[in-house]
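A.B. asks: I would like the entire structure built from these sequences, with the hints used as guidance.
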Amino acid sequence: NAGVMQNPRHLVRRRGQEARLRCSPMKGHSHVYWYRQLPEEGLKFMVYLQKENIIDESGMPKERFSAEFPKEGPSILRIQQVVRGDSAAYFCASSPFAVDRLGNTIYFGEGSWLTVV
Amino acid sequence: DQQVKQNSPSLSVQEGRISILNCDYTNSMFDYFLWYKKYPAEGPTFLISISSIKDKNEDGRFTVFLNKSAKHLSLHIVPSQPGDSAVYFCAAHDTPMQGAQKLVFGQGTRLTINP
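If you read the sequences in order, they're chains A and B. Going by this note's numbering, the first sequence opens with residue 1, and the numbers climb by one from there. Going by this note's numbering, the second sequence opens with residue 1001, and the numbers climb by one from there.
There may be inaccurate statements among the hints.
[Claimed, not checked] If you anchor each label on the Cβ, the simulated ranges turn out as follows: (1) Glu1015/B with Glu63/A: 45 to 53 Å; (2) Glu40/A with Ser1051/B: 28 to 36 Å; (3) Glu1015/B with Arg14/A: 39 to 47 Å; (4) Gln80/A with Ser1069/B: 41 to 49 Å; (5) Ala1070/B with Val117/A: 41 to 49 Å.
[Said to hold, decoys possible] Listed below are the simulated DSSO-like cross-link pairs for lysine-lysine, each with C-alpha atoms no more than 30 Å apart in a straight line: (6) Lys1068/B with Lys1102/B; (7) Lys1068/B with Lys1005/B; (8) Lys1054/B with Lys1102/B; (9) Lys1071/B with Lys1102/B; (10) Lys71/A with Lys44/A; (11) Lys1054/B with Lys1068/B; (12) Lys1071/B with Lys1056/B; (13) Lys1005/B with Lys1054/B; (14) Lys1071/B with Lys1054/B; (15) Lys1005/B with Lys1102/B; (16) Lys44/A with Lys1068/B; (17) Lys27/A with Lys71/A; (18) Lys27/A with Lys44/A; (19) Lys1056/B with Lys44/A; (20) Lys1005/B with Lys1056/B; (21) Lys1102/B with Lys27/A; (22) Lys71/A with Lys51/A; (23) Lys51/A with Lys27/A; (24) Lys1102/B with Lys62/A; (25) Lys44/A with Lys1071/B; (26) Lys1005/B with Lys1071/B; (27) Lys51/A with Lys1102/B; (28) Lys1005/B with Lys44/A; (29) Lys44/A with Lys1102/B; (30) Lys1005/B with Lys62/A; (31) Lys1056/B with Lys1102/B; (32) Lys1056/B with Lys1068/B; (33) Lys62/A with Lys51/A; (34) Lys62/A with Lys44/A; (35) Lys1054/B with Lys44/A; (36) Lys71/A with Lys1102/B.
[What the hints assert, rightly or not] Looking from chain B toward chain A, a few residues come up when the C-beta cut is under 10 Å (computed): (37) Val1004; (38) Gln1006; (39) Leu1034; (40) Lys1038.
If you are wondering where the hints come from, they were derived from the structure by calculation, not from laboratory data. In this text, a Cβ means the ideal position worked out from N, Cα and C, and glycines have one as well.
C.D. replies: Below you can see the structure in the form of structure tokens.
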């Protein structure tokens, strides 16, 4: 978990509110990935971004979810009008390269736990 | 559609013995496999990987075996130590296009090492 910073670590939202999760990649990394882990399940890919570009969002729900990685500042995963089913751990990862065969250059953050009440 | 499956949700092993964690996959296009270790309230940490052109990769106490014909891989930890107690995720590398580095994870196996 070397240096990928996620905040908040824990977030509680009421149904219908918005949740914003932030991720600062490791220094020198320009590739960011978001994964979601539902209870008792493995991590599922959501979106892959480079600076100012969404490269692959095939794992993102079609509605209410959006992600960005601006030129300056952290990557943001935004969930609008949250529902109980959005309760999960959201993990951000970063890497220095676009395509890499070595898993050890993909570093995960410690996760943001979203609870919708 | 669960493309990567870890059918054992938990495993308990005595300290000093061998731990064997199993993983099956369905997509024959996967060409690279990884194991991650995860402690509670932390992110996954890379452990070891194997390319589909190999059948074994070893790193210290950790060895990963790949059987392509059976679409099966396993992680061996020997000797097992108390610090190995964690959830272990098997993941497959899926790169359908340039730059789309996507990992497909199994559900995880919780390994407990008993003293």
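A.B. asks: Next, verify each hint and record whether it holds.
C.D. replies: For each hint, the structure was consulted:
1. Glu1015/B with Glu63/A: 45 to 53 Å: Given about 49 Å between the Cβ atoms, the range holds.
2. Glu40/A with Ser1051/B: 28 to 36 Å: 30 Å, holds
3. Glu1015/B with Arg14/A: 39 to 47 Å: 46 Å, holds
4. Gln80/A with Ser1069/B: 41 to 49 Å: For glutamine 80/A and serine 1069/B the Cβ distance comes to about 46 Å; the hint holds.
5. Ala1070/B with Val117/A: 41 to 49 Å: 45 Å, holds
6. Lys1068/B with Lys1102/B: 20 Å, holds
7. Lys1068/B with Lys1005/B: 15 Å, holds
8. Lys1054/B with Lys1102/B: 21 Å, holds
9. Lys1071/B with Lys1102/B: 19 Å, holds
10. Lys71/A with Lys44/A: 26 Å, holds
11. Lys1054/B with Lys1068/B: 9 Å, holds
12. Lys1071/B with Lys1056/B: 14 Å, holds
13. Lys1005/B with Lys1054/B: 20 Å, holds
14. Lys1071/B with Lys1054/B: 13 Å, holds
15. Lys1005/B with Lys1102/B: 16 Å, holds
16. Lys44/A with Lys1068/B: 23 Å, holds
17. Lys27/A with Lys71/A: Holds, because 14 Å separates the two Cα atoms, which is no more than 30 Å.
18. Lys27/A with Lys44/A: Holds, at about 25 Å.
19. Lys1056/B with Lys44/A: The given pair, whose Cα atoms are some 26 Å apart, holds under the 30 Å limit.
20. Lys1005/B with Lys1056/B: Measuring from Cα to Cα gives roughly 20 Å; hence the hint holds.
21. Lys1102/B with Lys27/A: 21 Å, holds
22. Lys71/A with Lys51/A: 6 Å, holds
23. Lys51/A with Lys27/A: 13 Å, holds
24. Lys1102/B with Lys62/A: Between lysine 1102/B and lysine 62/A the Cα gap is close to 18 Å, so the pair holds against 30 Å.
25. Lys44/A with Lys1071/B: 20 Å, holds
26. Lys1005/B with Lys1071/B: 11 Å, holds
27. Lys51/A with Lys1102/B: Status holds; Cα separation ~17 Å.
28. Lys1005/B with Lys44/A: Status holds; Cα separation ~13 Å.
29. Lys44/A with Lys1102/B: 9 Å, holds
30. Lys1005/B with Lys62/A: 25 Å, holds
31. Lys1056/B with Lys1102/B: Cα-Cα ~23 Å, so holds.
32. Lys1056/B with Lys1068/B: 11 Å, holds
33. Lys62/A with Lys51/A: 22 Å, holds
34. Lys62/A with Lys44/A: 15 Å, holds
35. Lys1054/B with Lys44/A: 26 Å, holds
36. Lys71/A with Lys1102/B: 23 Å, holds
37. Val1004: 7 Å, holds
38. Gln1006: 8 Å, holds
39. Leu1034: 4 Å, holds
40. Lys1038: With Cβ-Cβ at 9 Å, under 10 Å, it holds.
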